[in-house]
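2 protein chains.
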Amino acid sequence: MDLLDDTVPGIGTYEDFNTIDWVREKSKDRDRHREITNKSKQSTVALLFSISDAFSGWLLMLLIGLMSGALAGGIDIAAHWMTDLKEGVCLNGLWFNHEHCCWASNETTFQERDKCPQWKSWAELMVGVSEGPGLYVVNYFMYMCWALLFAFLAVILVRAFAPYACGSGIPEIKTVLSGFIIRGYLGKWTLIIKTITLVLAVSSGLSLGKEGPLVHVACCCANILCHFFTKYRRNEAKRREVLSAASAVGVSVAFGAPIGGVLFSLEEVSYYFPLKTLWRSFFAALVAAFTLRSINPFGNSRLVLFYVEFHTPWHLLELIPFVLLGIFGGLWGNTCLGHYPVLEVVVVTLLTAFLAFPIEYTRMSSSELISELFNDCGLLDSSKLCGYTSNSGSASGSVNATAANGLGARLAGPDLYTAMWQLALALLFIPSMAVGAIAGRLLGVCMEQLAIRHHERDIFRGWCSPGADCITPGLYAMVGAAACLGGVTRMTVSLVVIMFELTGGLEYIVPLMAAAMTSKWVADALGRESIYEAHIRLNGYPFLEAKEEFRHKTLATDVMRPRRGDPLLSVLTESGMTVEEVERLIADTTYSGFPVVISQQSPRLVGFVLRRDLVISLENARRNQEGVVSMSPILFTECDPPMSPSAPPAVKLRSILDLSPFTVTVHTPMEIVVDIFRKLGLRQCLVIQNGRLLGIITKKDILKHMAQMANRDPDSILFN
Amino acid sequence: MDLLDDTVPGIGTYEDFNTIDWVREKSKDRDRHREITNKSKQSTVALLFSISDAFSGWLLMLLIGLMSGALAGGIDIAAHWMTDLKEGVCLNGLWFNHEHCCWASNETTFQERDKCPQWKSWAELMVGVSEGPGLYVVNYFMYMCWALLFAFLAVILVRAFAPYACGSGIPEIKTVLSGFIIRGYLGKWTLIIKTITLVLAVSSGLSLGKEGPLVHVACCCANILCHFFTKYRRNEAKRREVLSAASAVGVSVAFGAPIGGVLFSLEEVSYYFPLKTLWRSFFAALVAAFTLRSINPFGNSRLVLFYVEFHTPWHLLELIPFVLLGIFGGLWGNTCLGHYPVLEVVVVTLLTAFLAFPIEYTRMSSSELISELFNDCGLLDSSKLCGYTSNSGSASGSVNATAANGLGARLAGPDLYTAMWQLALALLFIPSMAVGAIAGRLLGVCMEQLAIRHHERDIFRGWCSPGADCITPGLYAMVGAAACLGGVTRMTVSLVVIMFELTGGLEYIVPLMAAAMTSKWVADALGRESIYEAHIRLNGYPFLEAKEEFRHKTLATDVMRPRRGDPLLSVLTESGMTVEEVERLIADTTYSGFPVVISQQSPRLVGFVLRRDLVISLENARRNQEGVVSMSPILFTECDPPMSPSAPPAVKLRSILDLSPFTVTVHTPMEIVVDIFRKLGLRQCLVIQNGRLLGIITKKDILKHMAQMANRDPDSILFN
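Top to bottom, those sequences are chains A and Y. Per numbering that gives the first Met the number 0, the first sequence runs over residues 0 to 719. Per numbering that gives the first Met the number 0, the second sequence runs over residues 0 to 719.
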């Protein structure tokens, strides 16, 4: 049921790879709302429609939350199963992963949860080898084959069916949210291929963070669901409000952090984020998080992905290593930009396939890895990372075990040393968060060993009583993860809040903040762009960054077109032009709109008309209006001028004329112009002096000007 | 050290009770920044200055956090001591409160922590009575005297020294943040008096929420600290960024919820909230929260005020009572507006003084009360609210105690019934959060008793196994508190996040959200204004609400001045006017600015000049420029027109002319004009048609128009 229809189809829509006009879209929505409110007073049906319209936003949010949460759960389960498929298969049922296979088995003991006769590694299954180096070689080979197959399949799928499913997606989503149109980027094919590819890529062990793809998946869901609601289908601005909420949903399911997700959307992704959207995003993010939890892909029924509980408070002096981790994160964030994307992917795929199997820490999925790194060693932990002498001592009955009660002297044992060099190797292959976590854990273990071996020194004395553990390497891993993620994405508040939600304690927020702040400062000092902004710039998208202030002292007159020496601005006059003249002007130029003035001699601004609207209206008039010929006059005026009865009928186009175009004077500083463009979401702005129209500034002009002022190539801005 | 000085003192400043021009202030700051950056390349001193300037914002935030945290801690400690002073005094030292007095004493047992010989109630001390009704009467009398004395002192202090210290402060701070100037509202006297009054009011038992006053206190701190930093002292826009962060600090110390505080500032208080402010606010809020924690006024070394741990998950059916609490909150939020503030205060003071003593729950401070209400009953709880038969049974050896193991059958005992009616009475006297908490606890206990007595019924069977406690009344209290706070303030996300931080668990976020949403919807359906907005409207402040959209279909031409039939717009011409003419125009009108046009015949806009700047410049010219007489011409032009040598010297005023005033066309819909005013923070906007200046729209005009469209008195808007 649609109460509102446009007269001429196509008027008020946009072409692909163009920027929307936020002001017009918001006006359209207000008109629509006004009409519905007025009609609702007339009949009960209209009243019901008005109520359902008011609640449709909430319903949409609920659906987005449910769908994204369910998809994220499905992806996790599928990726888990396929990761295990690389190592072996369950005889009880192919659809069981390793863990479920052995849960279902009765022959599993608590100590060796992951060993059961039903789970067969490929070597056992295919060649019947069950021990010795042969087992290892065959398993290694199978692992490599599967990994390469998955990676190959992922690349083929993306190349063949949905090129838009490539990459993290956040740069494009930022651009779309700022008002750009990329048709198909959030379509159903992209969704399907992206989902499958994500599973394949995660299973093949390729290094990638899941938050980007999940944000893309959630935005695809939102865009598809928008089609069922007129309010959102037909309004680009309203749709973008929903997409903002969807990006919060994506982060919410990626980390299990709804508040962090909303802040991520607010801080990092969104362009226009009214308070109403804040509230709805929060609702959608919560629904998604709870849907994911009820699917329970990690089998621990916790909302948080990496649940950690630390026992030792941190000491003020530990801020020094935390800040060091921040510096590392900032440096790392600046080096990992892909200059040769294809080559990099190929190299990483091959390296991962060949080297992942021997190193324990690259064989596991990155969330398992991070979870193990964040972990504080308990008494019963079997992880190599907890291979302290006192732990291993309790099994082998060493002398230390009694000397240090419980977890007391956490001197490193051989297992821990093995773990350390394996971790150092693993540093090379994995996504930012895991890199940071590894670096943090390494530093943490070093600090810990330092403190234990030198606990009599002055600096440690106040804080490390002998025999007690005073440093938590898991905390260092967490801080390192935050620092690297911060260095790459330049997130700040949202990062700290995500970490806070992941770990569930305010206790450790100061170390996290110290690291995140240092990391951002270091990264900003080396290069102001985040990985997302770098991608946007490389792709030439028209994105007006809201975070950075325009600092140059140029005026509107320096940026506007036509420049000095160029031919005059192409304008239409409100009367006196014929259809043929206008059509020739359209054919001769590529501008996306034309100012309308009183006359060429007296360029007083009347309004602005968009090229697309003009073309559609003229075609429509030629087709449907009787007697329209090339010599028919075109009128933008309110009342008709006197005409001879023999003259061809006029084409009246005042309805497509924007009577309130934005204007600035030639003396307006560009910093103010940029501010207006950002805050109001303009496409173009006219420049006047003492009432005379002199030129025009478009978003592209501004971006080109900014590129020029930053000594970059202004022609790198490709789109309007 | 100040590198930048204005030429004529006073130019670019504002008068009291006026609105600032955000665009101009931000331009000023950018100019300043540009100058510092340019100079920093020339000398080392300037480079150091530039670095210190860049970090001054962070330093300021640190100081605000420390100062506000310390003040909040001091207020808590003082209020605690004075609350106890109403009941008695410590003989060991007058400065000990009841709890500390008995801690210091050795004769205290664990069971009766609050009874020790050193602590004397007034009756024991003054008349020597230590038992019987005499004790009660004397204590009652003394309690009343103290309460009235504190209340009286508070009123006297506010009336005599700082009238601005009156009230919650949030409405005024919202107005100030939106760009209004109220000198002295955030000054040192207000800070001192507000702090003392807050202590007195809390101690006297007056019903008030602490978040409002603490936000005011934090903003005063911020404003005072701004005076030490040129960057913030001299720029109204930058100062407001700091104040936005300070309001986050206020909420952070009021609830111990830094993230919630930042979201509160973003959602509820702030007007201009760039992302940089988000990050800094978060930093300041954290510093304040940790400062408060290290002062440790509640003696439990926890950051969260009401730490609760619930053991039972909630059931889906419980959403019904939660939604009911939401409805209650929404209704309550609409009734508690003060129409007769003075009378209300007097009545409440008297009632509180007379009735607070006999009711246990009004005698305690409201944070103690809320903490007790949120509490889930443990085995050892001595609170009357935990007076279940099984609990009292374990002492008196009743039959039930064995039948129900542990907390099993939580049948209400007589203590609980007493507590219930006392709570119901207490409902009348206390601030919103406590009202909600009481209502929630009452409903929770009812539900619990219902479930226990009818656990065989169908609806309870799936969820309440007999003998187990299946309903947590503490959770109901929490949900009720959120609902009432939401109904009064119309907070949404920030409310849920504050509650989440208070309680530290995502588990209970769905009930909280359901209640907060219902409460907001109900309250909005009954009247769209929050308590803050209602106060702003009653005071006639010029506040342009950013949350509500302007929905009417009027155009700029309907709002601009002069109206049809009015005399023409008062304009200046860029040349041709004399000093005398301009002075007469200033004397004859009260406008705060004048457009400058080419000539009266050809009203083409050149620029805009502010009245204050014009007056100061003319006075300055008359005083300092030689030969200026009444007949001297005033020139706003770039180059001087030819003049006879005998003519008096011209006064050149182009430097005070704003060459880029904002303009809209007469056809611009008011919804767009309102949007521009909000987003850019304008004071006025000129209206043109086909290049001719026709009128002007000021912020006051817009507010009057909005009042008119909402059928309110347009003359209620008092200020510009």
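These aren't lab readings, by the way, just hints derived from the structure by calculation. The structure displayed is predicted, hence computed values, not measured ones. Don't be surprised by glycine CBs; every beta carbon is placed ideally from N, CA and C. The reader is advised that the hints may include incorrect statements.
What the hints assert, rightly or not - Lysine-lysine pairs mimicking DSBU-like chemistry, simulated, CA-CA at most 35 Å apart: (1) Y:Lys546 - A:Lys275; (2) Y:Lys275 - A:Lys546; (3) A:Lys27 - Y:Lys40; (4) A:Lys546 - Y:Lys678; (5) Y:Lys546 - Y:Lys38; (6) Y:Lys546 - A:Lys27; (7) Y:Lys237 - Y:Lys27; (8) Y:Lys38 - A:Lys703; (9) A:Lys546 - Y:Lys40; (10) A:Lys38 - Y:Lys699; (11) Y:Lys237 - A:Lys237; (12) Y:Lys275 - A:Lys699; (13) A:Lys40 - Y:Lys275; (14) A:Lys27 - A:Lys275.
Said to hold, decoys possible - Examples of chain A residues lying across from chain Y (beta carbon under 8 Å, computed): (15) Ser39; (16) Arg653; (17) Ser654; (18) Pro668.
Violations among the numbered hints: 3, 5, 13, 15, 16, 17
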